[in-house]
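Novice: Each chain is listed here by its residues.
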Amino acid sequence: METVLLNLGPQHPSTHGVLRLVVELEGERVVNVEPVIGYLHRGFEKICENRRYIQITPLTDKLDYVASMSNNMAYVKAVEELLDLHPPQRAEFIRVIVLELQRIASHLLALGSIGNDLGMPFTLMMYTFREREKILDLFESLSGARLGYNYITIGGVMHDLPFGFPDHVLAFLKELDEKIEEYEDLIYENEIFIRRTEGVGVLKPNDAINLGATGPVLRGSGVKRDVRKEDPYSVYHMFDWKVVTGDKGDCLSRISVWIKEMKMSSEIVKQAIANLPAGNIREKVSRVIRPPEGETYSRIESPRGELGFHIVGDGSTNPYRLKIRSPAFCNLSVLPHIAKGVLIADLIAILGTLDPVFGEVDR
Amino acid sequence: MRKEGRNDDNEAEAGERKLTVDDISPAFPLIYEIVKKVDGMHIQTCNKIWVEVKRENLLDFCKFLKEHGFDHLSCVLGVDMKEYLEVVYHVWSYIDRRMISIKVKLPYDDPVVDSVTSIWKSADWHERETYDMFGIVFRNHPNLKRILLPDDFEGHPLRKDFKVEERGWY
Amino acid sequence: MELFGVDIQALVSLLQNPFVRGIGGALGVVGVISIAVLILIWAERKFIARLQHRYGPNRAGKFGILQTLADGLKLFLKEDITPKNAEKITYTLAPILCFSLAMIPFVAIPIDRNIVVANLNAGILFIIAVASLSVIPVIMAGWAPNNKYNLIGGIRSAAMMISYEIPVGLAVIGVLVLSGSLSLIDIVEAQRRGWFIFPQFLGFMTFLIVSFMESARPPFDLPEAESEIVQGWTTEYSSVKFALLMFGEYTHAIFTSILIAILYLGGWLGIFFDSPLWLALKTLIIMLFLMWVRSSAVRVRIDQMINFGWKFLIPLALLNIVIAGVLRIVWV
Numbered sequence: 001m002e003t004v005l006l007n008l009g010p011q012h013p014s015t016h017g018v019l020r021l022v023v024e025l026e027g028e029r030v031v032n033v034e035p036v037i038g039y040l041h042r043g044f045e046k047i048c049e050n051r052r053y054i055q056i057t058p059l060t061d062k063l064d065y066v067a068s069m070s071n072n073m074a075y076v077k078a079v080e081e082l083l084d085l086h087p088p089q090r091a092e093f094i095r096v097i098v099l100e101l102q103r104i105a106s107h108l109l110a111l112g113s114i115g116n117d118l119g120m121p122f123t124l125m126m127y128t129f130r131e132r133e134k135i136l137d138l139f140e141s142l143s144g145a146r147l148g149y150n151y152i153t154i155g156g157v158m159h160d161l162p163f164g165f166p167d168h169v170l171a172f173l174k175e176l177d178e179k180i181e182e183y184e185d186l187i188y189e190n191e192i193f194i195r196r197t198e199g200v201g202v203l204k205p206n207d208a209i210n211l212g213a214t215g216p217v218l219r220g221s222g223v224k225r226d227v228r229k230e231d232p233y234s235v236y237h238m239f240d241w242k243v244v245t246g247d248k249g250d251c252l253s254r255i256s257v258w259i260k261e262m263k264m265s266s267e268i269v270k271q272a273i274a275n276l277p278a279g280n281i282r283e284k285v286s287r288v289i290r291p292p293e294g295e296t297y298s299r300i301e302s303p304r305g306e307l308g309f310h311i312v313g314d315g316s317t318n319p320y321r322l323k324i325r326s327p328a329f330c331n332l333s334v335l336p337h338i339a340k341g342v343l344i345a346d347l348i349a350i351l352g353t354l355d356p357v358f359g360e361v362d363r
Numbered sequence: 364m365r366k367e368g369r370n371d372d373n374e375a376e377a378g379e380r381k382l383t384v385d386d387i388s389p390a391f392p393l394i395y396e397i398v399k400k401v402d403g404m405h406i407q408t409c410n411k412i413w414v415e416v417k418r419e420n421l422l423d424f425c426k427f428l429k430e431h432g433f434d435h436l437s438c439v440l441g442v443d444m445k446e447y448l449e450v451v452y453h454v455w456s457y458i459d460r461r462m463i464s465i466k467v468k469l470p471y472d473d474p475v476v477d478s479v480t481s482i483w484k485s486a487d488w489h490e491r492e493t494y495d496m497f498g499i500v501f502r503n504h505p506n507l508k509r510i511l512l513p514d515d516f517e518g519h520p521l522r523k524d525f526k527v528e529e530r531g532w533y
Numbered sequence: 534m535e536l537f538g539v540d541i542q543a544l545v546s547l548l549q550n551p552f553v554r555g556i557g558g559a560l561g562v563v564g565v566i567s568i569a570v571l572i573l574i575w576a577e578r579k580f581i582a583r584l585q586h587r588y589g590p591n592r593a594g595k596f597g598i599l600q601t602l603a604d605g606l607k608l609f610l611k612e613d614i615t616p617k618n619a620e621k622i623t624y625t626l627a628p629i630l631c632f633s634l635a636m637i638p639f640v641a642i643p644i645d646r647n648i649v650v651a652n653l654n655a656g657i658l659f660i661i662a663v664a665s666l667s668v669i670p671v672i673m674a675g676w677a678p679n680n681k682y683n684l685i686g687g688i689r690s691a692a693m694m695i696s697y698e699i700p701v702g703l704a705v706i707g708v709l710v711l712s713g714s715l716s717l718i719d720i721v722e723a724q725r726r727g728w729f730i731f732p733q734f735l736g737f738m739t740f741l742i743v744s745f746m747e748s749a750r751p752p753f754d755l756p757e758a759e760s761e762i763v764q765g766w767t768t769e770y771s772s773v774k775f776a777l778l779m780f781g782e783y784t785h786a787i788f789t790s791i792l793i794a795i796l797y798l799g800g801w802l803g804i805f806f807d808s809p810l811w812l813a814l815k816t817l818i819i820m821l822f823l824m825w826v827r828s829s830a831v832r833v834r835i836d837q838m839i840n841f842g843w844k845f846l847i848p849l850a851l852l853n854i855v856i857a858g859v860l861r862i863v864w865v
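Chains as they are written, first to last, in this note's numbering: chain A, 1 to 363; chain B, 364 to 533; chain C, 534 to 865.
Derived by calculation from the structure, the hints in this document are not laboratory data. Even glycine gets a Cβ: it sits at the ideal position worked out from N, Cα and C. Be careful, since some hints might not be right.
[Stated by the list, open to error] One-sided excerpt, in silico: chain A residues whose CB lies under 10 Å from chain B:
1) R52
2) K204
3) T214
4) S234
5) H237
6) V334
[To be verified] Calculated pairs, DSSO-like style, for lysine-lysine (alpha carbon to alpha carbon, straight line, at most 30 Å):
7) A:K224 x B:K484
8) A:K46 x B:K508
9) B:K526 x B:K399
10) B:K399 x B:K429
11) C:K681 x B:K508
12) A:K62 x A:K284
13) A:K263 x A:K248
14) A:K248 x B:K429
15) B:K508 x A:K242
16) A:K204 x B:K508
17) B:K526 x B:K508
18) B:K484 x A:K340
19) A:K270 x A:K204
20) B:K399 x A:K62
21) A:K174 x A:K204
22) A:K46 x B:K526
23) A:K229 x B:K445
24) B:K466 x A:K46
25) A:K284 x A:K242
26) A:K260 x A:K242
27) B:K417 x A:K242
28) A:K62 x B:K523
29) B:K399 x B:K417
30) A:K174 x A:K284
31) B:K399 x A:K204
32) A:K46 x A:K62
33) A:K224 x B:K429
34) B:K484 x A:K46
35) A:K62 x B:K400
36) B:K426 x A:K224
37) A:K46 x B:K523
38) B:K468 x B:K429
39) B:K484 x B:K526
40) A:K270 x A:K284
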């Protein structure tokens with residue numbers, strides 16, 4: 001049968017941003033799909049070569065605009081490795097609380113978007129965004145912004161926790177536990193949802209590791225890898241938590257990884273708040289930093305996967321080279337391999353579970 | 364070798380911890396095996412080892428690493444040092460919990476190196492991006508074309524001699 | 534006789550003229566249905582919004598009642614774009630056919646024992662036949678604009694029609710066995726002893742599911758799957774043509790709801806008295822159910838839907854006919 005070339009173009013109701021998919025179709029079956037990216041390329045790495053280290057932190061917010069605390073953390077961790085700087089304990093605990101809350105917020109958004117993609121118009125999204133709004137309110141009380149926080153900074157965090165913040169967070173987490181049960185009902189008891197996502201887009205574990213997938217995409221295939229456990233940073237080793245995995249590698253496993261990770265993050269935040277030490281929140285660091293000559297590559301586990309920063313410093317005020325290893329870029333490269341022989345409807349579902357955010361893919 | 368990262372194991376600054384033999388000894392078996400194959404090595408911590416390899420030996424060295432459990436290629440990037448171009452590969456082993464970062468120096472007028480997509484498929488898009496930004500050509504790459512910039516873009520932006528049109532106020 | 538200067542005899546004979554009655558009835562149907570569509574679209578938007586924890590339109594007029602009018606006015610005022618390589622005649626004809634074919638079955642639907650525009654004694658047959666015709670404008674709209682998204686939507690709709698026409702026919706046969714007549718008025722009158730939903734529960738479920746397929750509503754809204762193929766079969770349409778297509782779609786939803794109310798829920802029969810208001814109430818309840826499912830169910834995939842239609846609904850409908858036959862012999 002002849003194949004038809006369909007262009008799911010850059011403007012589309014459900015490609016999560018500007019992505020162009022050139023799909024070769026045989027009837028309704030996908031023979032080949034090629035993602036074309038670069039529509040949101042802003043020349044981030046070149047810009048950073050002309051900015052001072054402290055000026056780059058607000059720029060990193062705009063990378064993965066859904067989870068900006070993680071981007072801040074990854075960059076700041078790399079710079080602190082270059083400078084050999086250790087932030088105080090209280091700052092580390094606040095960083096962990098904020099990062100895990102950010103993980104919950106990002107997974108809530110991913111869960112809402114998958115409902116949209118599969119055809120349930122906005123219902124799941126309204127419910128998950130109700131919780132996400134509460135997290136955004138908490139972050140607004142911390143940093144003053146709802147989406148690009150610029151909160152984690154070189155040496156610690158910018159401002160201390162406002163009065164009553166731990167109580168608000170604990171109250172929110174109690175509500176979240178009930179709401180997660182609601183989401184599980186809406187998903188796991190919905191026969192059509194399960195039929196649409198079970199067995200669709202199976203990614204085998206060996207393929208996942210070879211193709212460079214990380215984060216929920218990798219863990220959904222059953223591979224127990226998480227940068228927070230393998231290459232521990234900050235104070236994650238002080239808490240009692242486990243790496244969650246799915247078992248089959250299909251869309252439903254990836255979605256279930258999101259839900260389980262939200263529960264695990266809420267556990268970590270509760271432990272962190274219970275053990276929050278007192279102290280100052282920021283090391284004394286001058287505004288203009290001149291790290292010694294050297295280079296380093298440091299990674300963290302962002303909600304999408306392994307986010308890495310490679311910084312080459314040459315003793316001057318600007319980094320000589322800054323490279324971002326973005327998880328959404330690598331996860332998206334998995335798409336041509338797992339979308340062979342599926343129907344168009346499945347292609348959109350698979351794309352939704354890979355969870356791309358184009359600020360990060362294109363930089 | 365350039366001084367990198369946290370500690371240099373030859374000099375100790377006042378108040379800083381020097382990297383001792385006990386820190387590095389867990390990595391000794393690996394270090395013994397690879398020190399013969401590489402041109403230069405620098406140990407940042409016992410989990411992070413930087414090596415320099417000539418471009419002809421790159422593919423063999425990568426195959427060797429893959430057999431020894433280094434199955435996650437985290438990143439491939441290019442750096443424009445003003446006299447030469449450099450490609451850096453970061454490879455992680457889950458079994459040993461070690462990261463080996465491989466550096467390959469390339470001359471400006473002949474920036475060609477073998478592609479490692481036959482070993483780790485994740486190198487595919489990373490190498491396309493390095494080609495896009497630096498003009499480094501990867502031999503035997505399945506689909507080497509520009510990925511982030513439009514197909515008809517001229518020049519390679521991340522090279523130091525590429526001038527970005529700046530507006531007046533910066 | 535003369536009253537207010539009008540000759541009563543001439544007026545009465547004019548009203549008995551079948552031609553005048555026909556045209557008057559048709560205009561009446563178009564008018565009533567149009568107003569019903571406007572109100573029901575508003576009701577749907579408010580109802581779904583409440584299920585989604587939000588308000589729905591509440592700016593245009595009190596409680597947002599004028600929102601549908603505002604949207605219709607906006608659509609009428611938009612620029613009417615025709616793609617360059619489209620087949621002009623088919624492209625223009627499709628919305629007109631969609632709008633009109635959706636309204637034709639309403640002339641045979643009785644509102645009360647004596648109020649019907651066209652009293653056909655093979656009413657149900659006429660209705661199903663015309664409802665089957667309604668896929669033609671969809672395929673025309675899928676083919677004419679010369680666009681792949683439209684084409685995919687149109688072909689999906691054709692596949693869906695073939696899969697659901699047979700179950701709906703079989704389900705209706707069950708009702709006919711129990712009522713013994715093809716005329717809709719007789720079917721409702723035969724439900725005086727008990728609504729057909731109880732003996733014909735399987736048929737009712739089949740018909741309910743098919744009503745989702747026939748009006749292309751979620752979870753079976755594959756022809757216009759917004760997240761996959763942009764707007765599906767209505768992609769290249771704008772302005773008045775788009776408004777007519779949407780209107781036709783929604784009229785289908787009302788039509789299947791009224792049909793369910795008549796065939797299974799007893800039409801205009803009520804507790805103490807019969808009245809067309811009971812019919813309106815039952816239709817409204819079915820419409821609310823359609824809206825409720827719309828907001829909570831995910832879309833099915835095309836192969837799953839076709840499997841479901843052929844491998845599950847047809848055996849169910851056949852079983853239903855057997856049950857109806859047994860009940861007719863044993864009970865009636």
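Novice: Need the list of violated hint numbers for this structure, in ascending order.
Specialist: Numbers 1, 2, 4, 5, 9, 15, 19, 20, 21, 23, 25, 27, 30, 31, 35 and 39, in rising order.
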